[in-house]
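**Q** Once you've looked at the hints, dock chain B against the given chain A.
There are 2 protein chains.
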Amino acid sequence: MSATATDVSQTTDQRVFNFSAGPAAIPLSVLQEVQAEMVCLPGAGASVMELSHRGKIFVDIIQQAEADLRTLLSIPETHEVLFLQGGAALQFSMIPANLLKDSQKTAQYLVTGTWGKKAIGEARKEGEVEATFDGSATNFDRIPAEGDCKISDDAAYLYYCSNETIQGVQFPTPPAAPTSVPLICDASSDFLSRPIDIANHGIVYACAQKNAGPAGLTVVIIRKDLIDRGNENLPGYLLYKNHSAAESMWNTPPTFGVYVLGKIVKWLLNDIGGLDTMAKQNAEKAAMLYEVIDANPDFYKGHAQADCRSKMNVTFNLPSDELLAEFVKEAATHKIENLKGHRSVGGIRASIYNAMPVEGVKTLAKFMTEFAAKNS
Amino acid sequence: MSATATDVSQTTDQRVFNFSAGPAAIPLSVLQEVQAEMVCLPGAGASVMELSHRGKIFVDIIQQAEADLRTLLSIPETHEVLFLQGGAALQFSMIPANLLKDSQKTAQYLVTGTWGKKAIGEARKEGEVEATFDGSATNFDRIPAEGDCKISDDAAYLYYCSNETIQGVQFPTPPAAPTSVPLICDASSDFLSRPIDIANHGIVYACAQKNAGPAGLTVVIIRKDLIDRGNENLPGYLLYKNHSAAESMWNTPPTFGVYVLGKIVKWLLNDIGGLDTMAKQNAEKAAMLYEVIDANPDFYKGHAQADCRSKMNVTFNLPSDELLAEFVKEAATHKIENLKGHRSVGGIRASIYNAMPVEGVKTLAKFMTEFAAKNS
Numbered sequence: 001m002s003a004t005a006t007d008v009s010q011t012t013d014q015r016v017f018n019f020s021a022g023p024a025a026i027p028l029s030v031l032q033e034v035q036a037e038m039v040c041l042p043g044a045g046a047s048v049m050e051l052s053h054r055g056k057i058f059v060d061i062i063q064q065a066e067a068d069l070r071t072l073l074s075i076p077e078t079h080e081v082l083f084l085q086g087g088a089a090l091q092f093s094m095i096p097a098n099l100l101k102d103s104q105k106t107a108q109y110l111v112t113g114t115w116g117k118k119a120i121g122e123a124r125k126e127g128e129v130e131a132t133f134d135g136s137a138t139n140f141d142r143i144p145a146e147g148d149c150k151i152s153d154d155a156a157y158l159y160y161c162s163n164e165t166i167q168g169v170q171f172p173t174p175p176a177a178p179t180s181v182p183l184i185c186d187a188s189s190d191f192l193s194r195p196i197d198i199a200n201h202g203i204v205y206a207c208a209q210k211n212a213g214p215a216g217l218t219v220v221i222i223r224k225d226l227i228d229r230g231n232e233n234l235p236g237y238l239l240y241k242n243h244s245a246a247e248s249m250w251n252t253p254p255t256f257g258v259y260v261l262g263k264i265v266k267w268l269l270n271d272i273g274g275l276d277t278m279a280k281q282n283a284e285k286a287a288m289l290y291e292v293i294d295a296n297p298d299f300y301k302g303h304a305q306a307d308c309r310s311k312m313n314v315t316f317n318l319p320s321d322e323l324l325a326e327f328v329k330e331a332a333t334h335k336i337e338n339l340k341g342h343r344s345v346g347g348i349r350a351s352i353y354n355a356m357p358v359e360g361v362k363t364l365a366k367f368m369t370e371f372a373a374k375n376s
Numbered sequence: 001m002s003a004t005a006t007d008v009s010q011t012t013d014q015r016v017f018n019f020s021a022g023p024a025a026i027p028l029s030v031l032q033e034v035q036a037e038m039v040c041l042p043g044a045g046a047s048v049m050e051l052s053h054r055g056k057i058f059v060d061i062i063q064q065a066e067a068d069l070r071t072l073l074s075i076p077e078t079h080e081v082l083f084l085q086g087g088a089a090l091q092f093s094m095i096p097a098n099l100l101k102d103s104q105k106t107a108q109y110l111v112t113g114t115w116g117k118k119a120i121g122e123a124r125k126e127g128e129v130e131a132t133f134d135g136s137a138t139n140f141d142r143i144p145a146e147g148d149c150k151i152s153d154d155a156a157y158l159y160y161c162s163n164e165t166i167q168g169v170q171f172p173t174p175p176a177a178p179t180s181v182p183l184i185c186d187a188s189s190d191f192l193s194r195p196i197d198i199a200n201h202g203i204v205y206a207c208a209q210k211n212a213g214p215a216g217l218t219v220v221i222i223r224k225d226l227i228d229r230g231n232e233n234l235p236g237y238l239l240y241k242n243h244s245a246a247e248s249m250w251n252t253p254p255t256f257g258v259y260v261l262g263k264i265v266k267w268l269l270n271d272i273g274g275l276d277t278m279a280k281q282n283a284e285k286a287a288m289l290y291e292v293i294d295a296n297p298d299f300y301k302g303h304a305q306a307d308c309r310s311k312m313n314v315t316f317n318l319p320s321d322e323l324l325a326e327f328v329k330e331a332a333t334h335k336i337e338n339l340k341g342h343r344s345v346g347g348i349r350a351s352i353y354n355a356m357p358v359e360g361v362k363t364l365a366k367f368m369t370e371f372a373a374k375n376s
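Residue numbers (full-length UniProt numbering), protein chains in the order written: chain A, 1 to 376; chain B, 1 to 376.
Check the hints yourself; a few may be wrong.
[Stated by the list, open to error] With a straight-line Cα cutoff of 16 Å, these simulated EDC-like cross-link-like pairs (lysine to aspartate or glutamate) come out:
| no. | chain 1 | residue 1 | chain 2 | residue 2 |
| --- | --- | --- | --- | --- |
| 1 | A | Lys101 | A | Glu291 |
| 2 | B | Lys118 | A | Glu33 |
| 3 | B | Lys117 | B | Asp141 |
| 4 | A | Lys118 | B | Glu291 |
| 5 | B | Lys105 | B | Asp153 |
| 6 | B | Lys125 | A | Glu232 |
| 7 | A | Lys125 | B | Glu232 |
| 8 | A | Lys329 | A | Glu370 |
| 9 | A | Lys266 | A | Glu33 |
| 10 | A | Lys105 | A | Glu128 |
| 11 | B | Lys117 | B | Asp102 |
| 12 | A | Lys224 | A | Glu80 |
The set of hints was computed from the structure by calculation and includes no laboratory data.
The shape of chain A in the complex, shown without the other chains:
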């Protein structure tokens, strides 16, 4: 099969509103650029997938991606950017392996959902941990109340997940940590959706497949003084200092993922106009759906408490399993796809990352209102 103009234009019309929790929607203009360059990157004579990671063309791509990311997130010179593999799951181990193991300290975790729980599980293998907050008693519907968590000045670090994709619970602002304690953020599912104060964090990391690119790329933004803490005897891939010394080329990085991330960052800078604008748009999209939930309190039951509702993943349930199934089925007739909640929570999860167009959210909000009216 070869690519023709007909293929390309036909397929654009066939696109649905994709509410997948991740891997998730990518801006259409980015996909079209990737498509145009797939067989031959301009000036390269080859696909970006075929280029040596050490050649000038790819080195320019990775350096430009980092430079643009630094601009977009206002990353200070105190922090390095690493492009790694292994997803958040490998960071669950790399963070305690580098910063907790052999430290004689305790790492404090705020467990606000499934991902925080997995993270502390891996950390426990490496050293002393404390679940300073654990939301499991209320099925992870909230974040800790202000002043609720005592963070020791001597903690190895304070860890939180800024947005719990499965439960739809998001920290509106980062939790407070003493200045002596590195603040570590798993930003996997709200990375690049709003500004984040990098200077205030020891590590901010994210797998790419929500807002930043394809699955298989992990971005780690790490304060320089934390890089060298890992013991030389750790598996080489797990040592931040190896990746740092080699500028993310300790081994072959996921080159295609870095290339797509670079385009998404450019889209955020140039087409959207930066993260303040993106955050405003995301807040408006989320508000449309939460308004429908609040307007139909006997029909839709939101999962998260109002003060920590996620602007990325809107989670709610319906009065019965039958109505839930009907909701998903009817939604598909409006090109609304991938709404089913994670199997551990059930219900509906509408993921409305950066690349979900306003039109898609409007379509869903309208459908929700009509569906509630028809079935109440």
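**A** Structure of chain B alone, referenced to chain A:
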């Protein structure tokens, strides 16, 4: 920018003969299919990059990729296929972490080049290792002579790298191990280039970016009785049993890489006709270049001994640095690109993986003959 028919046809003409050692050439027909489906995978309403890894469409893709790989390589039911991240570099640690650590045994390594050397370095952190063969004294130009290596019946495993990309040294056939000793093969750079007896191996693994797909995907083919050996206290991502139990979805797999690998495997099955044919074609391509080297013994100096010359990476040097630079420069005028050898060996490395067309090798062979005649 949007993709049009003009973009596509223009860019195909601009493609060069890409002799990159990896990431490396991908079959043009595969790139064209990926291009046609980039914005909207038929039936999915979205790009493959935007699909949930747990949705039916991607699950079908990964299962079909595995099924086709099993057909192509005749993988027996005794072995599982895992799709992981982290490259060969992470396998350097995962293999000893799972199979050597706490075993009270010694792992034996045949070190025939840079990659074997890196692998044994990581293994040393996990347990007792022995370099049963070490080719460093002759700058890694050979493999062990038959009968040269004593493998203990009680070794944890016997490890080798079937093709050393940097030195251009390849095992024509796997080394012999006692049946009690799992044979472990790093096949990163000759995976899918020829048949390999999987049943005879404990593990055959490969990063994808030579013959099997984009960087960021690692294929691990592992005998089922070896999967459960890792200690529960290892970092979760490093435990083969986690990935096995979750059918490569312990975390989000590199979905785009799996999708491209699936297409490359189909190309090998349907367009090429299987690995016997592919191996024959690869042998013919390599012979064209080695013939020119042997015909000009005072001009071209091959790096590898004749009995273990790689059919994937043809490494040689020229009489002077000036001629080397001129060779690379002139080659580019014939659309011959990415010839420079790895910085640790120098000289020329022409990587002629599966996707390098015969025409590209013929063009290089002709150029080599003319260049030698002109400059001898």
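**Q** Tell me the numbers of any earlier hints that the structure contravenes, in ascending order.
**A** Hints 1, 2, 4, 11 contradicted; others consistent.
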